[in-house]
Every structure is written in structure tokens, then in C-alpha cells.
Amino acid sequence: MAEVQGKIRRGYVRPLDLKQGRVDLTHGSGGRSMVQLISELFAKHLGNEYLGQGNDGAVLPAPTLAGRPGRIVMSTDCHVVSPLFFPGGDIGCLSVHGTVNDVAVMGATPLYLAAGFVLEEGFPLADLARIVESMAHAAKEAGVPVVTGDTKVVERGKGDGVFITTTGVGVLPDGLELGGARARPGDAVIVSGSLGDHGVAIMSRRENLSFDAPIESDTAALNGLIAAMLATGADLRCLRDPTRGGLAATLNEIAGQSGVGMMLHEKAIPLKPVVAAACEFLGLDPLYVANEGKLIAICAAADAGLVLAAMRAHPLGREAAQIGEVIADDHNFVQLTTSFGGKRIVDWLAGDQLPRIC
Amino acid sequence: MKYIDEFRDGALARNLALSIGAEVQPGRSYSFMEFCGGHTHAISRYGLSDLLPPAVRMVHGPGCPVCVLPIGRVDMAIDLALNHGVILCTYGDTLRVPASDGLSLMKAKARGGDIRMVYSTIDALQIARDNPTREVVFFAIGFETTTPPTAVAIQQADKENLPNFSVLCCHVLTPSAISNILESPEVRQWGTVPLDGFIGPAHVSTVIGSRPYEFFAEEYRKPVVIAGFEPLDVMQAILMLVRQVNQGRAEVENEFSRAVTRDGNLKAQDRVAEVFELRREFEWRGLSVVPYSALKIRRHYAAFDAERRFKLDYKSVPDNKACDCGAILRGVKRPQDCKLFGSVCTPENPIGSCMVSSEGACAAHYSYGRYKDMH
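Those protein sequence lines, which keep their order, are chains A and B.
Following our numbering, the numbering of the first sequence begins with 19 at its first residue and continues without gaps.
Following our numbering, the numbering of the second sequence begins with 469 at its first residue and continues without gaps.
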């Protein structure tokens, strides 16, 4: 008896097998396995004083800006991406960048993130570890800790590996108003760099489409770049990150909200040759392809030079360019002068972009 | 991008526009039909009509693979997916074509149909190899451009003894469609569709060559200029057509000589002839039943014919009464002449097939050019 008792180590749990192990239903059932997954994977990589509180919610100090209370900005984003790992990133860093950017484009300083994971039974723990590490790295780089989270496991076949929802909180100084309804005729339309990199990188790895394109996703946190732009004191009207639906969807959104039109110049739109080529043979229009590390800025025309200079001085805005201007238009059309010399609309996308047959 | 940028040069386009303007004779109008949706797309996407003199009018033709696909054929594909439990493989453009009962392949997919978008017939074959216990049907649509890959897939499946692969063949033929338009009363008797010439297909002609168009030039006295799908190709072709009209010539000229020969791709033609034979008749959306205008799978490859395997019958379904797709496909009406255009019928919610593909006349005009009607 004594012999047996001596073998039992108090509180011992065999460590997670992060090489061969897989997510199973017990990891979401509220028992020891779940606690273990959280402590050995999530807390290990994402740990910080708030996450370490270990309560049902994180207690955070009231946000201030230079000692003065600011307004709270909150945003949430669900991340579902296939494949989970792609050139230049993975769903982990993407889920941090996406939400940090949504908060930052409001002009706010992103402060905290919450993360919710839906894991599919059978998902390799090694892949999950890679994703969480990548998330931790991205959060650290952006300076925004993950302060609370949740994990659920669904049966095999009822998920797609991993879904991650992140919610971000930031603080916005009084007096700073950025928004889609503030564009005025005459304003400059600026992008921070080449378009379509993320979407093409993802497509190049899709199961039925894999092609070798030396192209990486542009996924990145833009809060640093945005801080530099705000510091110029320029009259910025609106910032947006053109994710799903690309430049076209974002500009149509702003045109509608502001009740204006836009005139773009095809020649001025930065596009990597490899992205242009991939879109060409897939029959896609790069203006509709997703970005994850780019922003669109609408600013007073007089300040365009100032904003561009600040952007180009930042590593994520080196290729920033003015691509057009806001015009008066009751129909709120986004138009484009083609490099060919004609004009056309850059319309909303109807459903997904589908490749043409002929 | 090499071999692309050269054909999108704005300065050259302006020069060509000047040449066209100089050739156009005062008081004369020029109506040309671009047969292919690829040309329609290029004209809209690059804003070519802004560069052309008002005397030159482009009439959009029926050469858009998904536009001419009748409702009954899409119904057959949906039936296969929903009622026969097959994996239905389709090209992306076809997914949104409206069918009966408010369905489309996209909506059938949401109702549980296993419908997969593929980029080539090779993908469909692979899906059949990977799912030996399931029936896999490739929904084969399109003109002569997409026909050879289907032929190759059937021969490959035959060679591999792939018992679970079959093809729902809806391949159609370009020359029959052109004849049908030229024979239509609007063109022949009433003159409601003035047609002074054709821009001939680009990719289709790489397969069939330029020879098949010689008949039209001779018999109907209509000049044909085969052109590539790049905007400069189209401009150059228009210039060549204007010159032919001015000089009273009706010949087949080849602007797309970098890819098209007189005889075309003989190897591809052989494959097609080995696998397919003419259908006695086929219903086209817009052109109605056109004799000998489509292909069916030869008896030798009957095992791979989904129509035979699943005993499918074609049922003709009339288009929405208010939809003018038919007239638009024949060049009788312009998209903006249709009552539904831009109101009930939009790319998000297409009523007619011309609003589905970006090659369709309505979708191209809606997406790229409708601001011209509104200002």
C-alpha cells in the first residue's frame, strides 16, 4: 500500500504531447485536460499579468491618454482562413493583426485583445502550438496583450481545424474623429502599399489551385504606421483596412457613407508584378482581392504630401501612394480612369470573384 | 507583365483611336458585333467605347458560355447534385446561373448538394480518383475553347477505367451561333440589327482556326476580323473592320496572328472529333433551338455520358417573361433597354443569365459602364 501511494505524485498531469497529440473533445469539456491545454499552451505563450489573473474576466485599468480619460473603441473579428498556414503568416498572427488594425484605423491606440478559439476534434496540437506562438509573437510586436480568452472543441467534421475570434479594445483621444462618413469632394485617396498580396498568397496555396508564386501575405499590425500618420496633425478624414472585397469594397463603403464619389487612377495604384500576373491568369481583379496589412487613408488634399511623407518613412508605408481623389457624385460611384485611357466603374463585388471560363 | 502590358498601352490606344476616327466616313455608321464575351468584357473593363468615335457602335454577341446555357441544362446539373447524390464539378462562372425554382448551383450547394468549383477537368478527374465510392460528374459547358480539355478528360478516364466519372456535356459550337444570328429575321429581313461585320473569337479561334469564318464572309458578305482579348487587339480589329467596310471588302482577317492560324489546333480538333459528335439540336438561351449547334458524347464513350448513365431527360424551361436576355444575346436590344436591368436584375440577384458572368453583356455594362446612363 505504502509502495503504491509513493508513486502518486501530487497534482501531476502528464504533459501535453505537442508533437503527436491531437485535440480531443475532453480539451473543451471543462475538466483537467482543458485546464492543461490552457496552461501548457495558451497561458504559456500568451501569458501576461491580466491573463494570469485566472478569473472569468480580466480586470483592466481604465484607459487614459496622457493622464486624461479617452473614449473606448471596441471591435471584433472572426477569423476563418483556409489554408491555416500560408506564405507570410497563419491564422494566429492574422487574428491579432486583423483586430488590432480594426481598432487602430479608428484612430485609437489598441490596448487589449480577447481571443476565442473553436477547435475541431482531431486537430494536431503541434499545429495549434504553432498558431498560438505566432499569435503571441504578433501580439508582442503590436504591443497589445491578449488578456482573456475561451476555448471550445467541436466534433470532427463540424469545424475547419481552427476558428479564432478576437476582440480588441483601444482608447481614442477626445477631439479625434475618423469615420467613413467624413470624406469630402477634393480629398485625397491614399493607399499604404501594394494591393492584393494577402489574397494571392492564400490562393497560391489552395488545394485545387496551388501555384508557385513568390508572394507572401502582407499581414501586419498597422497601429505603428497609423500613430505616425496621426502624429503629423494632418487633417485625416477616414482610415480603413481593405480586407475582404479589397480596395473596391472599402472605397464603395466610404463613398456610400459619405455620399460622395471617387475617381481613381489605375496607373497610380501600386501592384506587385507577381500579383498582377497571378490575377491575370486566374481571371481576377486585384482591386477586389483581400489585404491584411494595408490601409486606405482619406485626407484633406492640402495635407496629402504630409501624410504620404510620414507613411513612406515607416516600414509598412514605404510604397504609399495617392491613387485618386474624392469627387461629388450623387450616385456614389467609384470610378477609375484606366491606364488605357477609358473610364469605368469599380463596383461592389457581387458574391465571390469567380474565374471566367473563356 | 510581358506579353500583356504591350497590349494595354494607352498611348498606342489613342493613336489607334485617331486612326479609326480618320477612317470613319462622315454620315456613315458602323455596327460591329463582338461575338465573344471576352471581348465584351475587355470593351467595358478598359472603357473602350470612350475612345471610339460615335459612328462606331459595338453590338454584344452571344459568345458568353454561361449566358447561352438554358435553364433546363442547369436544372439537370442541380438534379444530379440534389437527387442523385453525385459530386458535381463545375467551372466557377456557372455557379450563379439562375435555374428553376429560384435555385442556382450555388443555392443547391447550400441545400446540401456536393457541388465543387474546379479550374480544369484535371481537378474533376482527381476528385473522381479520390472518391471511388461516389459518382463524380463534370458539368461541361463552353464553346470550342473548353471542349478539348473535356475530350481529354473522357479519354483519360477511359484509359484509367475510372468507373465513377462522367460528363454532362453541354458544349456548343460558335459557327452555328453566328449562322443563327445572320439568318435571324432581325438581321436578314427587318434590318433591326444592322451588322456591318464581326470581331471573331480569340480563344475559340486558336482551336478551330480562321477557316470556319470564311463561309460567313463570303456567303453573307460580312467582314470578320479575329482579334485577341486585349484592349489593343480590339481597337486594331475595329480599325481593320472599318477599313474593310469602307473598301467594300468582306474578308476574314486575322489580327490575333500571334495565336491563331488558318487551320487552328489540329491535335485538339482530332481529340474532339474522337470523343464527340454533333447533336441534332440544342436549345440555347436567347437563340432557342439551333440545329446541329452542340456536341454530344459518342457511343464509344457512352459509359462516361452522364445523360445516359443517370437517364436524364432535357426539359425546356422558358425564361422569365420580362427578361430580355434573348434579345440582348442576338444584339436586338442593349442591356439598358431591358425593363429589369439594374432594378430587379443586378449581379447580386441575376434574373437573366447575361447578368451573371462578367462576360455577359448586362453584367459588363452594369459593373463597368452604367454610370454613363445615369449622368
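For the record, the hints were derived by calculation from the structure and aren't laboratory data.
Warning: the hint list may mix true and false statements.
Said to hold, decoys possible - Once the Cα atoms are required to be at most 27 angstroms apart in a straight line, the calculated DSS-like pairs of lysine-lysine come out as:
no., chain 1, residue 1, chain 2, residue 2
1, A, LYS361, B, LYS801
2, B, LYS577, A, LYS176
3, B, LYS577, A, LYS361
What the hints assert, rightly or not - Ranges between beta-carbon positions, derived for each pair:
no., chain 1, residue 1, chain 2, residue 2, range
4, A, PRO101, B, LYS779, 36 to 46 angstroms
5, B, ASP805, A, ASP253, 40 to 50 angstroms
6, B, THR601, A, THR44, 27 to 37 angstroms
Cβ coordinates follow ideal geometry from the N, Cα and C atoms, glycine included.
Query raised in the report: For the pair supplied as a hint, B/LYS577 and A/LYS361, is the alpha-carbon distance within the 27 angstroms limit?
Result: Cα-Cα ~37 angstroms, so violated.
Query raised in the report: Is the Cα-Cα distance between A/LYS361 and B/LYS801 27 angstroms or less?
Result: With a Cα-Cα distance of about 23 angstroms, the restraint between A/LYS361 and B/LYS801 holds, given a limit of 27 angstroms.
Report task. Would you mind confirming whether the straight-line C-alpha gap from B/LYS577 to A/LYS176 stays at or under 27 angstroms? Result -> 17 angstroms, holds
Report task. Return holds or violated for the Cβ distance of A/PRO101 and B/LYS779 against the range 36 to 46 angstroms. Result -> Between A/PRO101 and B/LYS779, where Cβ atoms are some 40 angstroms apart, the hint holds.
**Report entry** Verdict for B/THR601, A/THR44 (Cβ pair) under range 27 to 37 angstroms
**Finding:** 32 angstroms, holds
Query raised in the report: Does 40 to 50 angstroms hold as the CB distance between B/ASP805 and A/ASP253, or does it fail?
Result: 46 angstroms, holds
Consistency with the previously given hints fails for number 3 only.
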